[in-house]
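Q: Sequence:
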Amino acid sequence: MSLRVCILETDILRPGLIDQYQGYGQMFKRLFSKQPIPAEFVVYNVVNGEYPSDDEVFDAYLVTGSKADSFGTDPWIQTLKTYLLERYERGDKLLGICFGHQLLALLLGGKTERAGQGWGMGIHDYKLDAKAPWMSPEVEELTLLISHQDQVTTLPENATVIASSAFCPFAAYHIGDQVLCFQGHPEFIHDYSRELLEILQTTLGEKVYTNGVASLERDHHGATVAEWMMRFVAHKPEARV
1 MSLRVCILET DILRPGLIDQ YQGYGQMFKR LFSKQPIPAE FVVYNVVNGE YPSDDEVFDA
61 YLVTGSKADS FGTDPWIQTL KTYLLERYER GDKLLGICFG HQLLALLLGG KTERAGQGWG
121 MGIHDYKLDA KAPWMSPEVE ELTLLISHQD QVTTLPENAT VIASSAFCPF AAYHIGDQVL
181 CFQGHPEFIH DYSRELLEIL QTTLGEKVYT NGVASLERDH HGATVAEWMM RFVAHKPEAR
241 V
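Residue 103 in UniProt numbering sits at position 103 of the sequence shown, with consecutive numbering throughout.
All the given hints hold, so there is nothing to weed out.
Distance condition first, Cα-Cα at most 30 Å in a straight line; then the derived DSS-like pairs of lysine-lysine:
| # | residue 1 | residue 2 |
| --- | --- | --- |
| 1 | K67 | K127 |
| 2 | K67 | K81 |
| 3 | K131 | K236 |
| 4 | K127 | K207 |
| 5 | K127 | K236 |
| 6 | K111 | K131 |
| 7 | K34 | K67 |
| 8 | K111 | K81 |
| 9 | K127 | K111 |
| 10 | K236 | K81 |
| 11 | K34 | K236 |
| 12 | K207 | K111 |
| 13 | K111 | K67 |
| 14 | K29 | K67 |
| 15 | K29 | K127 |
| 16 | K81 | K29 |
| 17 | K34 | K127 |
| 18 | K131 | K29 |
| 19 | K34 | K131 |
| 20 | K29 | K236 |
| 21 | K131 | K81 |
| 22 | K207 | K67 |
Derived CB-CB ranges, DEER-like:
| # | residue 1 | residue 2 | range |
| --- | --- | --- | --- |
| 23 | Y83 | T210 | 37 to 43 Å |
| 24 | F167 | T82 | 29 to 35 Å |
| 25 | E56 | K111 | 28 to 34 Å |
| 26 | E157 | T210 | 35 to 41 Å |
| 27 | D55 | F167 | 41 to 47 Å |
| 28 | G49 | P133 | 33 to 39 Å |
| 29 | G118 | H190 | 20 to 26 Å |
| 30 | G72 | G109 | 14 to 20 Å |
| 31 | K34 | M1 | 16 to 22 Å |
| 32 | D19 | G49 | 21 to 27 Å |
| 33 | P133 | A214 | 35 to 41 Å |
| 34 | A115 | V42 | 31 to 37 Å |
| 35 | P133 | P38 | 15 to 21 Å |
| 36 | P237 | S53 | 26 to 32 Å |
Hint data in this document are derived by calculation from the structure and do not stem from the laboratory.
Cβ coordinates follow ideal geometry from the N, Cα and C atoms, glycine included.
Turn these sequences into a full structure, and let the hints steer you where they fit.
A: The following block contains the structure:
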């Protein structure tokens, strides 16, 4: 039986990128189609006020990346926070990527802010700080495409760090069997990252831009993280005696 996942899309791509990439929801659907866990996905753009009807049932809710700040005061962000808190209190499984990773940390008692380290772009390496049954296939270290200038600086009390680096200490975390979040973008592909670097070149500065472009010669674990996420959703914790 297929998993059913709601993708809460929290951005509208820049005009020059829409024709080729459509949106983060479609990018995730393409990514997840390559992993082995049977699953179907329904995309709702929450910036436009789209949400599932009350009678729809999902195995998990995934919050995508966004140009917006997770600590922003936009009305759609406040609506999303209320919606996610209701899902969390109901016991639903929640997945977060970049903006979603930050928003869920903030919502559940952590802190997110503009990072003193500045922009992170291109491919980034993280050491793994924890193991879990759903982290299959295993890797020695985690490598992901990134694009962010905000970071989680304090985790919720009950969160466990999965991946970290000197640049991004809280790069991935989970909260029990309910919440799983990554700062990096498993759904990104090299061409999309390259176009973002070109668009943001002036904003990033020459060093971040040059290093970001150079890093794209390497591969990343986007497909691995996609499988971890679906295994996390499918995972049933052992009953406590």
